[in-house]
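Each protein sequence line maps, in turn, to chains A and B. Residues 54 to 204 in the working numbering are what the first sequence spells out, letter by letter. Residues 8 to 684 in the working numbering are what the second sequence spells out, letter by letter.
Don't read these hints as lab results, they were simulated from the structure. The beta carbon of each residue, even a glycine, is placed where N, CA and C say it ideally should be. Hints are supplied without guarantee of correctness; some may be wrong.
If we take Cβ atoms under 10 Å as the criterion, some of the chain A residues that face chain B in the derived model are [stated by the list, open to error]: (1) N66; (2) R78; (3) T125; (4) A130; (5) W133; (6) D134.
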Amino acid sequence: MSESSNNPMVHINKDWENIYDTLCRGGDSVFYQMTSLFTLCATIGHLNQDYRKFDKKQGKFRWGNLNQETETTILSAIAWDHEKRDLQVLSDKRKIIEIACDYAEGGMQYLYEVFFEDYMVNGQLNRPDKLDIEFNLAQIIEGLRQQQSMF
Amino acid sequence: MKLHRIELRNFRQFKGTQIIEFSYSATKNVSVIYGENGRGKTGIFRALMFCLYGDRSLSQDELSGEKKREGLILVNEVMLKENKGEKIQASVTIEFSHGNQLFLIKRSISGLMKSDNSILQDYNQVELQLTDANGNTLPKETDPELIKIKIQEVLNSRLRDYFLFDGERIERLTRNTQERREEVRKGIRTLLDLDSMDLAIRGLDKLVSKIEKDIKYKSTGKLQRITELIHDLNIKIEELKNNQDYDIQESKRLEHNIKKISDLISENEETAEQERKRQELIKTKQEIKIERDQTKNELVEQLNRSCQLVASELIEQLQEALDFHREKGELPPAIRKEFIEKLLAEEQCICGTSLDHQHPSEKENLLLFMKKHFKLGLGKESEELLYKLNRISSTNELLSNAFNRLLMKNKKLNDEIDDLESKIKIIGDELGEGGTSVDDLIQERIKCEEDLRELEREIDRREDQIKKDEDDREDQRKEAAVLEEQQDHLKTLVAKRDLTKDTLLELKDIYGKFAVEIKKKLADKSTENFSKLADIETLKDIKTIDIDDNYMLDVLNWAGQRRLGEISAGQRQIVSLAFIMSLIQIAGDLEVPLFMDTPFGRLSGKHRDHLIETIPKMASQWILLATDTEFTAVEANVLRQTNSWGKIYELQKEEEGVTKVIERQVNEFIPKRKSIY
Numbered sequence: 054m055s056e057s058s059n060n061p062m063v064h065i066n067k068d069w070e071n072i073y074d075t076l077c078r079g080g081d082s083v084f085y086q087m088t089s090l091f092t093l094c095a096t097i098g099h100l101n102q103d104y105r106k107f108d109k110k111q112g113k114f115r116w117g118n119l120n121q122e123t124e125t126t127i128l129s130a131i132a133w134d135h136e137k138r139d140l141q142v143l144s145d146k147r148k149i150i151e152i153a154c155d156y157a158e159g160g161m162q163y164l165y166e167v168f169f170e171d172y173m174v175n176g177q178l179n180r181p182d183k184l185d186i187e188f189n190l191a192q193i194i195e196g197l198r199q200q201q202s203m204f
Numbered sequence: 008m009k010l011h012r013i014e015l016r017n018f019r020q021f022k023g024t025q026i027i028e029f030s031y032s033a034t035k036n037v038s039v040i041y042g043e044n045g046r047g048k049t050g051i052f053r054a055l056m057f058c059l060y061g062d063r064s065l066s067q068d069e070l071s072g073e074k075k076r077e078g079l080i081l082v083n084e085v086m087l088k089e090n091k092g093e094k095i096q097a098s099v100t101i102e103f104s105h106g107n108q109l110f111l112i113k114r115s116i117s118g119l120m121k122s123d124n125s126i127l128q129d130y131n132q133v134e135l136q137l138t139d140a141n142g143n144t145l146p147k148e149t150d151p152e153l154i155k156i157k158i159q160e161v162l163n164s165r166l167r168d169y170f171l172f173d174g175e176r177i178e179r180l181t182r183n184t185q186e187r188r189e190e191v192r193k194g195i196r197t198l199l200d201l202d203s204m205d206l207a208i209r210g211l212d213k214l215v216s217k218i219e220k221d222i223k224y225k226s227t228g229k230l231q232r233i234t235e236l237i238h239d240l241n242i243k244i245e246e247l248k249n250n251q252d253y254d255i256q257e258s259k260r261l262e263h264n265i266k267k268i269s270d271l272i273s274e275n276e277e278t279a280e281q282e283r284k285r286q287e288l289i290k291t292k293q294e295i296k297i298e299r300d301q302t303k304n305e306l307v308e309q310l311n312r313s314c315q316l317v318a319s320e321l322i323e324q325l326q327e328a329l330d331f332h333r334e335k336g337e338l339p340p341a342i343r344k345e346f347i348e349k350l351l352a353e354e355q356c357i358c359g360t361s362l363d364h365q366h367p368s369e370k371e372n373l374l375l376f377m378k379k380h381f382k383l384g385l386g387k388e389s390e391e392l393l394y395k396l397n398r399i400s401s402t403n404e405l406l407s408n409a410f411n412r413l414l415m416k417n418k419k420l421n422d423e424i425d426d427l428e429s430k431i432k433i434i435g436d437e438l439g440e441g442g443t444s445v446d447d448l449i450q451e452r453i454k455c456e457e458d459l460r461e462l463e464r465e466i467d468r469r470e471d472q473i474k475k476d477e478d479d480r481e482d483q484r485k486e487a488a489v490l491e492e493q494q495d496h497l498k499t500l501v502a503k504r505d506l507t508k509d510t511l512l513e514l515k516d517i518y519g520k521f522a523v524e525i526k527k528k529l530a531d532k533s534t535e536n537f538s539k540l541a542d543i544e545t546l547k548d549i550k551t552i553d554i555d556d557n558y559m560l561d562v563l564n565w566a567g568q569r570r571l572g573e574i575s576a577g578q579r580q581i582v583s584l585a586f587i588m589s590l591i592q593i594a595g596d597l598e599v600p601l602f603m604d605t606p607f608g609r610l611s612g613k614h615r616d617h618l619i620e621t622i623p624k625m626a627s628q629w630i631l632l633a634t635d636t637e638f639t640a641v642e643a644n645v646l647r648q649t650n651s652w653g654k655i656y657e658l659q660k661e662e663e664g665v666t667k668v669i670e671r672q673v674n675e676f677i678p679k680r681k682s683i684y
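Turn these sequences into a full structure, and let the hints steer you where they fit.
Listed below in structure tokens is the structure:
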């Protein structure tokens, strides 16, 4: 297997780069790593069944950077469900990442519409003094979690 | 070092000659200086710093530039006014012992008030007389440089900021995270004397920028564009950092102003009660904010695992699917697929049975086995995946409960903060309505507070911008490095720059290693102090004090969990005291007099009593500067019972600008207040 199929690159939409940077870099970042935010977006996209292709791709990290205990597991599960529950996809990292990227696009679109859009100025995410990003994100996630347990 | 006596002559509010004899024996090592706010308690510490080091101001005065150079007016202003046009001499004389030697140091200053009431000050001289262990007095030393060296040997001036344990510093350490971080970082820098290293690092940084500038001028094509970008970023980052330093100083100045004004408003009869309420509410709000920050940190930890929660149903479904295949025996056995493939290739089983064309059924069985157990998608990765799914699933419920709990707590704390802010605003508005003699002060404070809020927002924004630009610059540098390889004529400059950068990284690495080592020492020492200063109940909750990579001072309980946000304000104050004491201990030892200026602040009676009983045993000499609200009959009684209290002086106001030092008898002294309640 070639390096790239064994350690495929994860791409995000360039439009979301600032959001990733703002939330994942710096001393008071919300997410310790970009992989955390990416995986969260993929799960949200999958939950909402919002699978979106996108053009402006920016390579951010590789399979090897993902948490091998949780993040790779969750992304594998997403790919399995997407491929009509065919277990064969579980051994195809490139496919898993490809599917995850498109669900992550949908997930980030969702977060943008319900939350980030109000705080974006010229493509930059502002963190005004009173904005409690952590609390607001946690509430959104709790809402999604409760939504899935209703069905 | 043990202080014996201090003689003040026309120094600050101490008109004429006034003497304080400190208690310094092994059994009686506590002296109390008692007086209301503004009577000159800090002035005694100020006199000590002036005499020992020639300091014209204290760091807490937060002067800068010209004002810092000039210092405060140290000559008694009443004397100057009474003798306008004449030179008035002021001096401070200190007698202290260190080891077996006796030191007598006198430093003087003269002042003159001109006809336009402006004041000129002139620093006269300093003299030091030493008496050795045999009682022989050496000739008086008058060379300021030699005296400086001698004093440094006794007590290094780097520690002067920590010599005085003032309530404000102790409070800062318990406040919001940025201030706490800054205080700890400053303490470590002082201890390690990192200023010179810091200068070296900054110097090398500038050198790297300079060489990059040269590379920029000599490079061509794309590399030229990138180096120009790097150069612009260098300038931008430098400017941002300079502005940041300036604004941080400015924010400290505003805080200091706000405090001064608040103190004045508190003393005014018309506004005292409302102001007291307002300050109480502000303090409560700060405490709740600390708790909320702590909750937020925990929430962030959970947020980083929240994808598990959102995908919990999917995880269960895949778990079921894989379990189903495992029960059917379709997940791979312990034996590896590669091993079976090897057997087939060699046409021999491990039991010795041949697998060649003459034994088709054995070969067929093995092939069927492979087909059954090594289906694509049901390989080893599925088995590992199932283990991971099981592990994730088992933590989901706990995660979900924690998430919920933190959300509710965060909301509750946010609501409390909002409620307090609105009450603070109401009182602020009432005070601002006017009609009192301190209206101007109130308005000034409102303006300072608004300016401070705006400044803090700007500092945060700029911090993010600096980080972003530094990251951008790093990306550009990586790109440039690739292109530089291709441009031969730049090789020498590039080599120079790389060497400088390597040196810079090395220096930063050494700096970092020192800091890590000292942080650990400080944390250990702080824990040791804390175990002595805190009462039994507190020690049940808190095990250790920790300083993490980001200079955050925190406490850990017996389960290793961070708990600073959950302990009381009084307990946090003890944490701060323990930390500050550890700074002194690591830098030298506790054989220096501990000056504590109103250290009891928000401590409950129980904590105060415990500190009063413990500190005399920990320190070689304790000089307590206390107000009437801090040192009541209760505290006096507890201190008397330690049998370590040797001296008490009361500072009384004689007239405006003049304080008299009156010695009282320890056994007969009755504080103005019965208790803090």
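Tested hints:
1. Taken as an interface hint, N66/A does not check out: its beta carbon lies about 19 Å from the nearest beta carbon of chain B, beyond 10 Å.
2. At its closest, the beta carbon of R78/A sits 6 Å from a beta carbon of chain B; the interface hint therefore holds under the 10 Å criterion.
3. The criterion of a C-beta within 10 Å of any C-beta in chain B is met by T125/A, whose closest approach is roughly 8 Å, and the hint holds.
4. Below 10 Å, beta-carbon pairs count as interface contacts, and A130/A has one with chain B at about 5 Å; its hint therefore holds.
5. Satisfaction of the interface hint for W133/A is found here, the shortest Cβ-Cβ separation to chain B being roughly 6 Å, below the 10 Å cut-off.
6. With 10 Å as the threshold, the beta carbon of D134/A comes within range of chain B, its nearest partner Cβ sitting at about 6 Å, so the hint holds.
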